[in-house]
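**Student:** Here is what each chain is made of, one letter per residue.
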Amino acid sequence: MFVFIIRRLFQTIPVMIGVTLAVFLMMHLIPGDPAQIMAGERADEAQLEQMRENLGLNDPLYQQYFRYVGNAIQGDLGTSIRTDRAVTEEIFTNRIWITFELALYGTVLAVILGLIAGIISATRKYSFSDVSLMIVALFGMSMPNFWLGIMLIYFFSVNLGWFPTIGWESWKHMVLPVLTIGTGGAAIIARMTRSSMLEVLDNDYIRTAYAKGVHDRVVIYKHALRNALVPVVTIVGLQFGTLLGGAVITETVFAINGLGRLVVDSIRMRDFPMVQGTILVCAVLFVVVNFIVDITYRLINKRIELN
Amino acid sequence: MSKKALLEVNNLKQYFPIKGGLFGGTVNHVKAVDDISFVVYEGETVSVVGESGCGKSTTGRAILRLDDPTSGDILFDGENLLGLNKAKMRKKRKDLQIIFQDPYASLNPRQTVRQILEEALEIQNVVSRKERRQKVEDLLQTVGIGAHQMDRYPHEFSGGQRQRIGIARALSVDPKLVICDEAVSALDVSIQAQVLNLLKELQQKFQLTYLFISHDLGVVRHISDRIIVMYLGKIVEIGDKDSLFENPQHPYTRALLSAIPSINVGEKKKERIILKGDVPSPIDPPAGCRFHTRCPYAMDRCAVEEPKLHSLSEVEHKAACHLLEDGPYDYS
Numbered sequence: 001m002f003v004f005i006i007r008r009l010f011q012t013i014p015v016m017i018g019v020t021l022a023v024f025l026m027m028h029l030i031p032g033d034p035a036q037i038m039a040g041e042r043a044d045e046a047q048l049e050q051m052r053e054n055l056g057l058n059d060p061l062y063q064q065y066f067r068y069v070g071n072a073i074q075g076d077l078g079t080s081i082r083t084d085r086a087v088t089e090e091i092f093t094n095r096i097w098i099t100f101e102l103a104l105y106g107t108v109l110a111v112i113l114g115l116i117a118g119i120i121s122a123t124r125k126y127s128f129s130d131v132s133l134m135i136v137a138l139f140g141m142s143m144p145n146f147w148l149g150i151m152l153i154y155f156f157s158v159n160l161g162w163f164p165t166i167g168w169e170s171w172k173h174m175v176l177p178v179l180t181i182g183t184g185g186a187a188i189i190a191r192m193t194r195s196s197m198l199e200v201l202d203n204d205y206i207r208t209a210y211a212k213g214v215h216d217r218v219v220i221y222k223h224a225l226r227n228a229l230v231p232v233v234t235i236v237g238l239q240f241g242t243l244l245g246g247a248v249i250t251e252t253v254f255a256i257n258g259l260g261r262l263v264v265d266s267i268r269m270r271d272f273p274m275v276q277g278t279i280l281v282c283a284v285l286f287v288v289v290n291f292i293v294d295i296t297y298r299l300i301n302k303r304i305e306l307n
Numbered sequence: 001m002s003k004k005a006l007l008e009v010n011n012l013k014q015y016f017p018i019k020g021g022l023f024g025g026t027v028n029h030v031k032a033v034d035d036i037s038f039v040v041y042e043g044e045t046v047s048v049v050g051e052s053g054c055g056k057s058t059t060g061r062a063i064l065r066l067d068d069p070t071s072g073d074i075l076f077d078g079e080n081l082l083g084l085n086k087a088k089m090r091k092k093r094k095d096l097q098i099i100f101q102d103p104y105a106s107l108n109p110r111q112t113v114r115q116i117l118e119e120a121l122e123i124q125n126v127v128s129r130k131e132r133r134q135k136v137e138d139l140l141q142t143v144g145i146g147a148h149q150m151d152r153y154p155h156e157f158s159g160g161q162r163q164r165i166g167i168a169r170a171l172s173v174d175p176k177l178v179i180c181d182e183a184v185s186a187l188d189v190s191i192q193a194q195v196l197n198l199l200k201e202l203q204q205k206f207q208l209t210y211l212f213i214s215h216d217l218g219v220v221r222h223i224s225d226r227i228i229v230m231y232l233g234k235i236v237e238i239g240d241k242d243s244l245f246e247n248p249q250h251p252y253t254r255a256l257l258s259a260i261p262s263i264n265v266g267e268k269k270k271e272r273i274i275l276k277g278d279v280p281s282p283i284d285p286p287a288g289c290r291f292h293t294r295c296p297y298a299m300d301r302c303a304v305e306e307p308k309l310h311s312l313s314e315v316e317h318k319a320a321c322h323l324l325e326d327g328p329y330d331y332s
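Going down the list, the sequences are from chains A and B. In case it helps, the working numbering puts the first sequence at residues 1 to 307. In case it helps, the working numbering puts the second sequence at residues 1 to 332.
No lab work stands behind these hints, which were simulated from the structure alone. If you're wondering where the values come from, they're calculated on a predicted model, not measured in any experiment. Glycine included, every Cβ here is placed at the ideal spot set by N, Cα and C. One or more of the hints may lead you astray.
Ranges of calculated distance between the beta carbons of each label pair, as one might list FRET restraints [stated by the list, open to error]:
hint	chain 1	residue 1	chain 2	residue 2	range
1	A	Lys125	B	Gln194	34 to 42 Å
2	A	Glu199	B	Pro296	42 to 50 Å
3	B	Asn10	A	Glu199	31 to 39 Å
Construct the complete structure from the given sequences, taking the supplied hints into account.
**Tutor:** Structure (structure tokens):
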């Protein structure tokens, strides 16, 4: 296991290089002069030159890249043009935790709803409850988040007045955004669990368990579900990673000050260091989540260890 | 020797619904097992043979109620299994066990061998908690697997070893009847012989009764006392092994047996009977005798009237064919 973690850790290195390179080059690939963008349109030639010097834009590209990575490792992602605060400070004091909470609750909701629906569907294949659950799941998957979010606000906030429309303060604020973000995931997990369970339930070791006299419930949860969970874990990990990368739309609809909204706002304000920083942090988070998924995967699937 | 019936199957039918159409309703049925009756006596080995899809595995599963049969009676030790509720049936499973064909799919990959065996011991309360470990060791010893291997997972064993574990598992609850569903078909020939001998040994040791489901006539000849031949969900011939192998009466059995390769050089070469066409669909089986579409002896009557099982000799040799109405038919 230890060797596996180390080896897996080494595999993330090329990914990280790729990510930093892409984020770094972004600055140079966008049309126009970075110094011009940063200094503003009314800057004169002397100011621009000063800016270039400050940003190190006159150095060779590879030197700039190494400096960028060096700084990033030390936690320096530059300074926001808009707020003049350090990018890391802006991201880590508040934003990332809000997004983390949103993603976490959304994923937990998705897992709970998805697993329950999937198990019910699989154990009652082709029944009324199976068919209706799968139709609901199809809706859940096809509904775009911005529409779902707006509909939820319309019914539960505007009409019924149960929940506030925007913000992220008490649990009441969280209900609608978490629902919005969790629905799609729940639908995918439900369908995945269903098909995976159906496959497992057709195995002889399930019949063996029944033949032993194991109670139906125990057969389903102990013998079938544990084996069916392997592909589901992958989906859950990917979902969580994607949500961490900024639930841009949901955060915008509910005016939640998370990472996703930060990216959108920064792009609009042409706050390039901020955009770069946020993208880098999201990418790193995604890599970390995937890493954790791989380890979990191994823990539930002992067979992978041998190969 | 007076024979006591351990298992009595009466008019067993197993139809599987085919869902389809716009609203997912039942549009038709696969008649996997269609009205079969037979008896298994205590201590004997009865084999069920036939081509793939003839309903032999379905019969095995239906007896264990792993699938719920459409209709019929299954009397085990005089008690109708189909009348038991779920809780009672779970208790009853102690007496009826099954060994599956694929040793790779029949053991839960997430349980160690010990967990697999102990679970059965625990549920059926075979021995006290303290004695469980000892019992697991003994069981593994019985099937020829070292006790030091009991904390391993199934994937760490070879196919033959896994099948031995499957056998140990089936035996763990001290069953009376063991259904071997193609129990050796997935194994190498050399391993097959080992496992078959093990099964025979265990039968003597624990007074087991076997219902042996197989398509391999060589294996069947080696292990059985009596044989049931099935075709498309029906029993076509049933009888004592020697009587059935020496003197097969149903045209289908004759064709089946003629396909066994002979290794005796001096023996007169048997004529191979080759059947035409494929097995018809069990969704819509032929009327009358189900074999008439492929039978070289088919008469007009065969397409309309379903033949009954006719008794042919004192050793309970029966076959379902119109040719046999007045006793054994002379095929020569």
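**Student:** Hint by hint, note whether the structure agrees.
**Tutor:** Results for each hint:
For the pair A/Lys125 and B/Gln194, the beta carbons lie near 39 Å from each other, so the given range of 34 to 42 Å is met. For the pair A/Glu199 and B/Pro296, the beta carbons lie near 43 Å from each other, so the given range of 42 to 50 Å is met. Remark: the range hint 31 to 39 Å for B/Asn10 to A/Glu199 is upheld by a beta-carbon distance near 35 Å.
Checked against the numbered hints above, the structure violates none of them.
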